[in-house]
Amino acid sequence: MISVNHLTKDYEKTRALDDVSFHVKEGAFFALLGPNGAGKSTTIEIVSTLKGKTSGDVKVNGATLGKDDDQIRKAIGVVFQYSTLDDDLTAYENLFLRGRFYTDDKTAIHNRIQYLQDFLGFKSYVGRRVKTLSGGQRRKIDIARALLHEPRVLLLDEPTTGLDPQSRENIWELVLELKKKTNMTIVLTTHYMEEVADCDQVIILHEGKIRAEDSAEKLRANYATDKLRVLPKDNGLENILKKEKIAYSTVQNTLHIPLRDSFEGLDYVERFKESIETFEIVKGTMDDVFLNITGRKLSDYDDRLN
Amino acid sequence: MTALIKRHILCFLRDRWSVFFSFLSVLIILMLFAFFLGAMHETTVPEQLRGTNEGNHLIYSWLFSGVLMVATVTVPLGFLHFMVKDRATKSINDFYVTPMPRTKIVLSYLVASIVISTALGVINLLVGQGVVYLNAGTFLPLFSFVQVLALIVLSSTLFSALFYFVTSYLKSLNAHGTLSTLVGTLIGFVTGVYVPVSNLGTTLNNILAALPPLQIAGLFRRIYMDKALADVFGDATEPMTRYMENMGVDVVVFNHTFTTLQLLMLSVFWIVLFIVLSILRLRRFKI
Chain A
1 MISVNHLTKD
11 YEKTRALDDV
21 SFHVKEGAFF
31 ALLGPNGAGK
41 STTIEIVSTL
51 KGKTSGDVKV
61 NGATLGKDDD
71 QIRKAIGVVF
81 QYSTLDDDLT
91 AYENLFLRGR
101 FYTDDKTAIH
111 NRIQYLQDFL
121 GFKSYVGRRV
131 KTLSGGQRRK
141 IDIARALLHE
151 PRVLLLDEPT
161 TGLDPQSREN
171 IWELVLELKK
181 KTNMTIVLTT
191 HYMEEVADCD
201 QVIILHEGKI
211 RAEDSAEKLR
221 ANYATDKLRV
231 LPKDNGLENI
241 LKKEKIAYST
251 VQNTLHIPLR
261 DSFEGLDYVE
271 RFKESIETFE
281 IVKGTMDDVF
291 LNITGRKLSD
301 YDDRLN
Chain B
307 MTALIKRHIL
317 CFLRDRWSVF
327 FSFLSVLIIL
337 MLFAFFLGAM
347 HETTVPEQLR
357 GTNEGNHLIY
367 SWLFSGVLMV
377 ATVTVPLGFL
387 HFMVKDRATK
397 SINDFYVTPM
407 PRTKIVLSYL
417 VASIVISTAL
427 GVINLLVGQG
437 VVYLNAGTFL
447 PLFSFVQVLA
457 LIVLSSTLFS
467 ALFYFVTSYL
477 KSLNAHGTLS
487 TLVGTLIGFV
497 TGVYVPVSNL
507 GTTLNNILAA
517 LPPLQIAGLF
527 RRIYMDKALA
537 DVFGDATEPM
547 TRYMENMGVD
557 VVVFNHTFTT
567 LQLLMLSVFW
577 IVLFIVLSIL
587 RLRRFKI
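Those protein sequence lines, which keep their order, are chains A and B. Under our numbering, think of the first position of the first sequence as 1, with each following residue one higher. Under our numbering, think of the first position of the second sequence as 307, with each following residue one higher.
Keep in mind the hints are simulated off the structure, nothing from the lab. Among the clues, some could well be false.
Simulated coverage check for chain A against chain B, where a stretch passes if three residues somewhere in it have a Cβ under 8 Å from a Cβ of chain B [stated by the list, open to error]:
no.	segment
1	47-54
2	64-74
3	77-85
With a Cα cut of at most 27 Å, we get these calculated DSSO-like pairs of lysine-lysine [stated by the list, open to error]:
no.	chain 1	residue 1	chain 2	residue 2
4	A	74	B	396
5	B	477	A	131
6	B	477	A	106
7	A	218	A	25
8	B	410	A	74
9	A	209	A	25
10	B	410	A	13
11	A	51	B	533
12	B	391	B	477
13	A	181	A	106
14	B	312	A	74
15	B	391	A	51
16	A	51	B	410
17	B	396	A	51
Note that the structure is a prediction, hence the values are computed from the model and not measured. The beta carbon of each residue, even a glycine, is placed where N, CA and C say it ideally should be.
Model the full structure from these sequences, guided by the hints.
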């Protein structure tokens, strides 16, 4: 559905994308993961025909970027990081006027809005002016606006950024629902690790380059480590681990023992149960994946940016 | 493109502060007239006609022809705030990812500016006519009314094109705010509404007469005041000429008084110039 080959984008002094290539299958749930400045939004802006490329080829739904841009625009729906709704218009007016960009059939637009308000759940506030809506409600209308013309590809550029935790969860559930009930290809950019866990295919972008590409599950298997977290009864366990040369780290009063897999953890528990107060086996996270691939935690970038 | 034009107009009309500030200069002129300038204008009317319907007709026609003209300058500028805002907030990107051609997206702001300025100009004309009737007991003759309507369209087009070109250089709402303040402050002077143009000195008068605001103001006054001038001055050619030159009805550059046809041709020239400049500007930016 989307084919990006050797895409490079240079700004005056910086290279935002450096020889990026990837392919997104039809119906896939695809994520571009990386910190701010990694090149995620630039990729989306190029694929959605907003920005030109320095070199490389991009194809969307069989249409070539730079030649068949109108065909690409018909095939895509874009939800930007920032809301693009008009505050002084109602949600319905925002949707209806936007629907007229694609067709003159007013009844069809009205029916589509009715379908979307039931599907996405914004019927109760469709008649309200956008400036009176919460962040989460606005985001739903943003998504509805991108879906008005029934696109084949939905591009979501950090759709949950800036939302409160509750709204973030609601919008994320909505995205998963969309994925489940439609055969749309969904391309997502995010810097939230937990969001990519549901994706079929994940690319980790760092400083404009692709650092890893696989399914979330395989990335986790290859780059993240499960660990056994133990609260020891006394110093005895640490002495045993040292003696047996088992790697571990101390976090506050717990010991973290990296595992090859979860079963190895059970084996350790069985062997050292006399010295263990409590324990848990913690699955490797996408955060570990990012750390192992780039040498930094994704949250470090957030701290730096905040 | 109709949907986009409708969107721009709806956004403008729903934003009450934008509408208010577009008319701020007009309100200031009316207030100045009510409190200060009105008495001064009494002296421009021949003594024997002061306080009569004819005298009032001359004063109020002069006032509302100026008000009409000023509104066709400030409304397009106020409206184009939305174009600057859409670019500054990147909302325009949401239009660019649709199949609507970029030329249409960009031109929709110009068309909407002309439409909204014309529509508000017509309301302005009707309100002005109401006030003129209350004070002078007369309306514009039908033919002059139609001519003024055409002038509103012409002036709205000219200043929409002019500010469309100028605002294409603005990247922030602050810059637009500064420009609006500047234009709002100066417009009363450059059209000779605050102070009769003859009081500004020959050099400044010559410069202003070569620019669109005073030329268009002259056109409005000539048509709007045609009957009032005839009623007040009759055959007295010399006092009428003096009044017309002093009050900016006649537009004079280096002792040459522009005819109505010349002013119309100049207006068309300005419109074509700013549209061509806008197209060149937009091409350069590959919009």
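Next item on the list: Below or equal to 27 Å on CA atoms is what counts here, so check residue 477 of chain B against residue 131 of chain A.
Entry: Distance of about 24 Å is within 27 Å: holds.
Check: Regarding the pair residue 410 of chain B and residue 13 of chain A, is the alpha-carbon distance no greater than 27 Å?
Finding: Violated: residue 410 of chain B and residue 13 of chain A sit about 33 Å apart, past 27 Å.
Margin query: Just to be careful, I want the Cα atoms of residue 181 of chain A and residue 106 of chain A compared with a cutoff of 27 Å; is the pair within it?
Written below: Judged against 27 Å, a Cα distance of about 26 Å means the pair holds.
Note to self: Checking one constraint from the list: CA of residue 477 of chain B to CA of residue 106 of chain A, max 27 Å. Satisfied?
What the structure shows: violated, 35 Å
Next item on the list: Starting from residue 218 of chain A, check that the Cα of residue 25 of chain A is at most 27 Å away, please.
Entry: holds, 17 Å
Check: Going straight from one Cα to the other, do residue 51 of chain A and residue 533 of chain B come out at no more than 27 Å?
Finding: Violated, at about 58 Å.
Next item on the list: Sort out whether residue 74 of chain A lies within 27 Å of residue 410 of chain B, counting only the CA atoms.
Entry: holds, 17 Å
Item checked: Pair hint outcome, residue 391 of chain B versus residue 477 of chain B [Cα-Cα no greater than 27 Å] -> holds, 8 Å
Next item on the list: Check, residue by residue, whether the segment 64-74 of chain A contains three or more positions whose beta-carbon lies closer than 8 Å to a beta-carbon of chain B, and give the verdict.
Entry: Holds, because 3 residues of the segment 64-74 of chain A bring their Cβ atoms closer than 8 Å to Cβ atoms of chain B.
Check: Regarding the pair residue 396 of chain B and residue 51 of chain A, is the alpha-carbon distance no greater than 27 Å?
Finding: This hinted pair holds, its Cα atoms lying about 13 Å apart.
Next item on the list: Would you check the hint for residue 209 of chain A and residue 25 of chain A, treating anything up to 27 Å between C-alpha atoms as holding?
Entry: Given that 27 Å is the threshold and the Cα spacing comes to 21 Å, the pair holds.
Next item on the list: Verify the coverage statement for the segment 47-54 of chain A against chain B, using a C-beta to C-beta distance below 8 Å and requiring 3 or more qualifying residues.
Entry: holds (count 3)
Comparing the model with each earlier hint shows violations of hints 6, 10, 11; every other hint is respected.
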